[in-house]
Amino acid sequence: MRRPVNETPRPPRNAGQARGVRRTVVPMQIFGVDIGGSGIKGAPVDLDLGDLAQPRHKVLTPHPATPEGVAEKVKEVVDHFGWQGPVGVTFPGVITDGTVRTAANVDKSWVGTHIEGLLEESLGASCPVTALNDADAAGLAEMRFGAGKGRTGTVIVLTFGTGIGSGLFTNGVLVPNTELGHLELDGHDAEKRASSKVKEDHDMSYPHWAKRVEKYLAHVEMLFSPELLVIGGGVSRKSEKFLPHIEGIRADLVPAQLQNNAGIVGAAMRAAERG
3 MRRPVNETPR
13 PPRNAGQARG
23 VRRTVVPMQI
33 FGVDIGGSGI
43 KGAPVDLDLG
53 DLAQPRHKVL
63 TPHPATPEGV
73 AEKVKEVVDH
83 FGWQGPVGVT
93 FPGVITDGTV
103 RTAANVDKSW
113 VGTHIEGLLE
123 ESLGASCPVT
133 ALNDADAAGL
143 AEMRFGAGKG
153 RTGTVIVLTF
163 GTGIGSGLFT
173 NGVLVPNTEL
183 GHLELDGHDA
193 EKRASSKVKE
203 DHDMSYPHWA
213 KRVEKYLAHV
223 EMLFSPELLV
233 IGGGVSRKSE
243 KFLPHIEGIR
253 ADLVPAQLQN
263 NAGIVGAAMR
273 AAERG
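Quick note on the working numbering: the sequence shown kicks off at 3 and runs consecutively.
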């Protein structure tokens, strides 16, 4: 049958695409920044892989770590990559509605600061900012891409650094801002007894420090009865030096798989969720 003259033939499927040439799929990337008590680091994150798209850039946290001083350093990290787009940021304290409520290892002037507004003003309108607690961010990354992937029940991700951060999950859902590093241990905040900074400051051996961590983990386990404890932070790179010395913990005890990049990845994840 002849085709009517006013009917346009449909183009063949894949018309305009050279035979044998695959289309390039651009990975989803969001920028993540991890603000810590000693360093501020960041990089673009490939959210398909849960990994850094480029090597991270790190600067020292200013002292005192005031809002203005930290904002300047965050801008330095973001500008290093010439980034324009959404930015996820972690912070070592409780954050609700974009506002800092506690500040344990940075300047106390942070309390009451709207961190998202402050950083958006510093970075510019092309970089909308989403902020969350640093250990919550690390936990999100480990639950999707790392040691907690596929795990149900109660999972706690603990980050050992300048302080001790915590990300608490029940059946994959985050309970935000738990701050379990401030549980009491031997009459002090636990992070003043068992953080990796304490280990460094007192030149402790790994076995000696592990016993302090063991006592802390036993307390956490008594309160929450987790099925899985994930040990993160920079010290997780050397987990073989201290985890074997921790005894008597019923929960599965494993090192973080994303190690010290978990915060950056989790920050980017949260920024992507916000859109």
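If you're looking for bench data, these hints aren't it; they were derived computationally from the structure. All values derive from a computational prediction rather than experimental measurement. It is possible that some hints are incorrect.
[To be verified] Listed below are the simulated DSS-like cross-link pairs for lysine-lysine, each with C-alpha atoms no more than 30 angstroms apart in a straight line: (1) K110 <-> K194; (2) K77 <-> K199; (3) K217 <-> K77; (4) K243 <-> K201; (5) K199 <-> K213; (6) K201 <-> K213.
[As the list claims (entries may be wrong)] Label-pair restraints from in silico Cβ distances: (7) A127 <-> S40: 29 to 37 angstroms; (8) E123 <-> P178: 43 to 51 angstroms; (9) R103 <-> H65: 20 to 28 angstroms; (10) L225 <-> H82: 25 to 33 angstroms; (11) P209 <-> V61: 15 to 23 angstroms; (12) D99 <-> D205: 37 to 45 angstroms; (13) V177 <-> R276: 41 to 49 angstroms.
The C-beta atom is built at its ideal place from N, Cα and C for all residues, glycine as well.
Results for each hint:
With a C-alpha separation of about 17 angstroms, the suggested pair K110 and K194 falls inside the 30 angstroms cut-off, and the hint holds. Taking the CA atoms of K77 and K199, the gap is about 26 angstroms. The hint holds against a cut of 30 angstroms. Taking the CA atoms of K217 and K77, the gap is near 39 angstroms; set against the 30 angstroms cutoff, the hint is violated. A hinted pair counts as satisfied when its Cα atoms are at most 30 angstroms apart, and K243 with K201 qualifies at roughly 13 angstroms.
The suggested pairing of K199 with K213 holds, with an alpha-carbon distance near 15 angstroms, which does not exceed 30 angstroms. Between the alpha carbons of K201 and K213 the distance comes to roughly 11 angstroms, so the proposed pair stays at or under 30 angstroms and holds. Checked against the given bound of 29 to 37 angstroms, the beta carbons of A127 and S40, roughly 31 angstroms apart, stay inside it. For E123 paired with P178, a C-beta distance near 25 angstroms fails the hint of 43 to 51 angstroms.
Checked against the hint of 20 to 28 angstroms, the pair R103 and H65 passes, with Cβ atoms roughly 22 angstroms apart. As the Cβ distance of L225 to H82 is approximately 41 angstroms, the hint placing it in 25 to 33 angstroms is violated. In this structure the supplied range 15 to 23 angstroms is violated for P209 paired with V61, their Cβ-Cβ distance being about 33 angstroms. Under the hint 37 to 45 angstroms, the C-beta atoms of D99 and D205, about 42 angstroms apart, fit the expected range.
The given range of 41 to 49 angstroms is broken by V177 and R276, whose C-beta atoms sit roughly 19 angstroms from each other.
Of the numbered hints stated above, those contradicted by the structure are hints 3, 8, 10, 11 and 13, listed in ascending order.
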